[in-house]
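My request is simple: use the sequences and hints to build the entire structure.
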Amino acid sequence: MFENIVSVHTPKVAGTSFLHQLKEVFGEQNVLLDYNDDPVYLHTIVNIDPNCYELDPIKSISPHKVVHGHFQPKKYAHLSNAFRLTFLRHPIDNITSIYIFWMAHDRAFWNSPIFHYCKDRNLTLLQFAALPKLRYLYTRTYFADYDMSQFDFIGDYAHYDSELMRLSKQICVPFKTNIRLNKTIDHMADGGRDDATRLSISDAEYGKLAEILKDDIAFYQTYKGR
Numbered sequence: 001m002f003e004n005i006v007s008v009h010t011p012k013v014a015g016t017s018f019l020h021q022l023k024e025v026f027g028e029q030n031v032l033l034d035y036n037d038d039p040v041y042l043h044t045i046v047n048i049d050p051n052c053y054e055l056d057p058i059k060s061i062s063p064h065k066v067v068h069g070h071f072q073p074k075k076y077a078h079l080s081n082a083f084r085l086t087f088l089r090h091p092i093d094n095i096t097s098i099y100i101f102w103m104a105h106d107r108a109f110w111n112s113p114i115f116h117y118c119k120d121r122n123l124t125l126l127q128f129a130a131l132p133k134l135r136y137l138y139t140r141t142y143f144a145d146y147d148m149s150q151f152d153f154i155g156d157y158a159h160y161d162s163e164l165m166r167l168s169k170q171i172c173v174p175f176k177t178n179i180r181l182n183k184t185i186d187h188m189a190d191g192g193r194d195d196a197t198r199l200s201i202s203d204a205e206y207g208k209l210a211e212i213l214k215d216d217i218a219f220y221q222t223y224k225g226r
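So for the sequence shown, our numbering puts the first residue at 1; every next one is plus one.
These are calculated hints, taken from the structure and not from any lab test.
It should be emphasised that the depicted structure is a prediction, and the values quoted were computed from it without experimental measurement.
Keep in mind that the hints are not guaranteed to be accurate.
Listed next, with one range per pair, are the computed distances between beta-carbon atoms [claimed, not checked]:
| id | residue 1 | residue 2 | range |
| --- | --- | --- | --- |
| 1 | Pro57 | Phe115 | 39 to 47 Å |
| 2 | Cys52 | Thr222 | 22 to 30 Å |
| 3 | Asn81 | Ser168 | 14 to 22 Å |
Think about it this way: if two alpha-carbon atoms lie no more than 16 Å apart in a straight line, the pair counts; the simulated EDC-like pairs of lysine to aspartate or glutamate are [said to hold, decoys possible]:
| id | residue 1 | residue 2 |
| --- | --- | --- |
| 4 | Lys74 | Glu24 |
| 5 | Lys176 | Asp56 |
| 6 | Lys65 | Asp156 |
| 7 | Lys59 | Glu3 |
| 8 | Lys74 | Asp37 |
| 9 | Lys65 | Glu3 |
| 10 | Lys224 | Asp120 |
Glycine included, C-beta positions come from ideal geometry on N, C-alpha and C.
Rendered as structure tokens:
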């Protein structure tokens, strides 16, 4: 039986809803939140010194049982006897959801250079999607040089409820379906098309998004639902 759970929450992939369930099942006091080392943000430790966790490895999260947040999985690679999990979302649907979420907030919401850049330049969705940190959100920003077989569970957000039940059976905990918190738009993912449609994106623009995000789309198709 595993001693700890490492839950990598990539942006806008049901992380808030899943966190709620983790707290209910394991107790809030047993869940460590790690949102201060988001690899998207240029000022975080992992971007300043990518090798920091190899030089000074994290080997315990005691007294916590679970760590959940925005971090690269390699941060906790030296945590032994841990169950590692993440959920992936179709990159077009995901980048559109992130874009809507960011643009809905004013500049003061985050003290982040990339967020301020997007707000100051009033980027279009295509410009936003082309930013390297977001264009390669999976392939470089979060999972670069990481052996994805180290994950014990990789859920597909497009089938979140059934995937949650699969995870529930795998780790023998009573997760609940139909819990949605902090949704940008009230819908389930549908192959990347729903959010794009709601933004009135033309077929031509959608095709450009698919080209921009082709590496992450291939990554998603390879690893979703494992």
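Hint check:
Checked against the given bound of 39 to 47 Å, the beta carbons of Pro57 and Phe115, roughly 30 Å apart, lie outside it. Look at Cys52 against Thr222: about 28 Å separates their beta carbons, and that is inside 22 to 30 Å. The given range of 14 to 22 Å is respected by Asn81 and Ser168, whose C-beta atoms sit roughly 20 Å from each other. This hinted pair does not check out: Lys74 and Glu24 have alpha carbons roughly 26 Å apart, beyond 16 Å.
Taking the CA atoms of Lys176 and Asp56, the gap is near 37 Å; set against the 16 Å cutoff, the hint is violated. This hinted pair does not check out: Lys65 and Asp156 have alpha carbons roughly 24 Å apart, beyond 16 Å. With a C-alpha separation of about 12 Å, the suggested pairing of Lys59 with Glu3 holds against the 16 Å cut-off. Using a Cα cut-off of 16 Å, the hinted pair Lys74 and Asp37 holds, with the two alpha carbons roughly 12 Å apart.
Between Lys65 and Glu3 the alpha-carbon distance is near 7 Å, which keeps this suggested pair within the 16 Å criterion. Only pairs whose Cα atoms come within 16 Å are accepted, and Lys224 paired with Asp120 is rejected, the gap being roughly 35 Å.
Hints 1, 4, 5, 6 and 10, counting from the list given before, are not met by this structure.
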